[in-house]
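Dock chain B against the given chain A, drawing on the hints supplied.
Going down the list, the sequences are from chains A and B.
Heads up, the first sequence is in the working numbering, so the first residue is 715 and it goes up one at a time.
Heads up, the second sequence is in the working numbering, so the first residue is 33 and it goes up one at a time.
Bear in mind the hints are in silico, worked out from the structure with no lab data behind them.
The beta-carbon is built from N, C-alpha and C at its ideal position, and this holds for glycine as well.
A hint or two may mislead.
As the list claims (entries may be wrong) - In silico SDA-like pairs for lysine to any residue, Cα to Cα no more than 25 Å straight-line:
#, chain 1, residue 1, chain 2, residue 2
1, B, K151, B, V68
2, B, K75, A, G793
3, B, K157, A, R726
4, B, K151, A, A745
5, B, K157, B, I145
6, B, K149, B, I115
7, B, K149, A, D727
8, B, K149, A, L719
9, B, K157, A, S732
10, B, K102, B, M33
11, A, K716, A, E733
12, B, K149, A, P760
13, B, K151, B, A98
14, B, K102, A, H771
15, B, K151, A, R726
16, B, K157, A, P756
17, B, K102, B, M90
18, A, K716, A, I789
19, B, K149, B, T40
20, B, K157, A, I789
21, B, K157, A, R748
Said to hold, decoys possible - Here are the in silico distance ranges between beta carbons for each label pair:
#, chain 1, residue 1, chain 2, residue 2, range
22, B, V63, A, D746, 41 to 47 Å
23, A, G730, B, M161, 22 to 28 Å
24, B, I159, A, L750, 29 to 35 Å
25, A, L752, B, V50, 43 to 49 Å
26, B, N71, A, K716, 42 to 48 Å
27, B, E87, A, L750, 21 to 27 Å
28, B, G57, A, L750, 53 to 59 Å
29, A, N770, B, G74, 36 to 42 Å
30, B, V67, A, A749, 40 to 46 Å
31, A, Q759, B, E122, 32 to 38 Å
32, B, Y79, A, S732, 19 to 25 Å
33, B, R41, A, L750, 30 to 36 Å
34, A, M715, B, E87, 17 to 23 Å
35, B, E122, A, R757, 28 to 34 Å
Stated by the list, open to error - A few chain B residues that don't get close to chain A, going by computed Cβ distances all over 10 Å:
#, residue
36, T40
37, P43
38, P56
39, D70
40, Y79
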Amino acid sequence: MKIHLRYFASFRDIVGQSEEMLIVDDGASVADVRALLLVRYPRLQPVIERSASAVNHGYVPQDATLHEGDEVVFIPPVGGGTP
Amino acid sequence: MEPFIQITREPLDRNALVAAVTDPGAGGIVVFEGVVRDNARGKQVRYLEYDVYPEMAMQQIREIIAEAEKRWNVDRVAVAHRIGRLEIGEASVIIVVATPHRAEAFEACRYIIDTLKTKVPIWKKEIAMNGEEWVEG
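Here chain A stands alone, though its shape is the one from the complex (with noise of 0.2 Å):
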């Protein structure tokens, strides 16, 4: 099935694009496109690991099971400034 991934901040810094569809088996969950971008990004690695899952715009755990179409987003960690 496709997933449509999007890139943003560090991640799209590292990637290079905006955006790409993946093709992943059907039942992936968002912990094995994780696994998949390592070996594609291998420079991901770090920032990876800090980095928070959305799809369709809602944060996910990482064995959330991922469905044909859906938006997959890597969320580094937001913010900044002291309280």
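Just chain B, lined up with the frame of chain A:
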């Protein structure tokens, strides 16, 4: 009222945001304004670049405001975040909360900015004299 939410590349208009929440029944208005500082962790900052995941940022801000409305029974909230290049001294974020009495306005405003900083997918890159980097957390 429906919350007023704005993510924009244009300079933020504090007066317009205050006007959006002002109401004869609201006796207290709290404004938080986050402004670009000229230094960070010992570095001299030249300017900032903000990046956003727009659809998710809007969704997260809506959820944060809904939670604040539930907890403090507030009804008049405006949140604006600027993205793109910001110079020193410019406002990056403005939160305005109007309530009948001041205590709820202070608490709700504090909750919204603190939660926004941890949940909303907006990132800033510091461009300093000696290089640039995405700021984390």
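For each hint, the structure was consulted:
1. B:K151 - B:V68: holds (20 Å)
2. B:K75 - A:G793: With Cα atoms ~18 Å apart, B:K75 and A:G793 stay inside 25 Å; holds.
3. B:K157 - A:R726: holds (13 Å)
4. B:K151 - A:A745: holds (20 Å)
5. B:K157 - B:I145: At roughly 19 Å apart (the allowed maximum being 25 Å), B:I145 and B:K157 satisfy the hint.
6. B:K149 - B:I115: Holds: B:K149 and B:I115 sit about 14 Å apart, inside 25 Å.
7. B:K149 - A:D727: holds (22 Å)
8. B:K149 - A:L719: holds (24 Å)
9. B:K157 - A:S732: holds (17 Å)
10. B:K102 - B:M33: With a Cα-Cα distance of about 14 Å, the restraint between B:K102 and B:M33 holds, given a limit of 25 Å.
11. A:K716 - A:E733: Roughly 13 Å between the alpha carbons, so the hint for A:K716 and A:E733 holds.
12. B:K149 - A:P760: This hinted pair holds, its Cα atoms lying about 21 Å apart.
13. B:K151 - B:A98: holds (14 Å)
14. B:K102 - A:H771: holds (22 Å)
15. B:K151 - A:R726: holds (19 Å)
16. B:K157 - A:P756: holds (22 Å)
17. B:K102 - B:M90: holds (18 Å)
18. A:K716 - A:I789: With Cα atoms ~20 Å apart, A:K716 and A:I789 stay inside 25 Å; holds.
19. B:K149 - B:T40: holds (17 Å)
20. B:K157 - A:I789: Satisfied, since the Cα-Cα distance of roughly 15 Å is no more than 25 Å.
21. B:K157 - A:R748: Within the cut-off at roughly 24 Å; holds.
22. B:V63 - A:D746: 41 to 47 Å: Given about 45 Å between the Cβ atoms, the range holds.
23. A:G730 - B:M161: 22 to 28 Å: Since the Cβ atoms of A:G730 and B:M161 sit about 26 Å apart, the hinted range of 22 to 28 Å holds.
24. B:I159 - A:L750: 29 to 35 Å: holds (32 Å)
25. A:L752 - B:V50: 43 to 49 Å: Since A:L752 and B:V50 have Cβ atoms about 47 Å apart, the given range 43 to 49 Å holds.
26. B:N71 - A:K716: 42 to 48 Å: Holds - the Cβ-Cβ distance for B:N71 and A:K716, about 46 Å, lies within 42 to 48 Å.
27. B:E87 - A:L750: 21 to 27 Å: holds (23 Å)
28. B:G57 - A:L750: 53 to 59 Å: holds (54 Å)
29. A:N770 - B:G74: 36 to 42 Å: At 40 Å between Cβs, range holds.
30. B:V67 - A:A749: 40 to 46 Å: Given range 40 to 46 Å: holds, Cβ gap about 41 Å.
31. A:Q759 - B:E122: 32 to 38 Å: holds (34 Å)
32. B:Y79 - A:S732: 19 to 25 Å: Holds, at about 22 Å.
33. B:R41 - A:L750: 30 to 36 Å: The hint (30 to 36 Å, Cβ to Cβ) holds, given that B:R41 and A:L750 are roughly 33 Å apart.
34. A:M715 - B:E87: 17 to 23 Å: Holds - the Cβ-Cβ distance for A:M715 and B:E87, about 21 Å, lies within 17 to 23 Å.
35. B:E122 - A:R757: 28 to 34 Å: holds (32 Å)
36. T40: The assertion about B:T40 holds, with a minimum of 17 Å to chain A.
37. P43: Non-interface label stands for B:P43: nearest chain A Cβ at 19 Å, farther than 10 Å.
38. P56: holds (33 Å)
39. D70: holds (14 Å)
40. Y79: The claim stands: B:Y79 keeps its Cβ more than 10 Å from every Cβ of chain A (closest is about 14 Å).
Checked against the numbered hints above, the structure breaks none of them.
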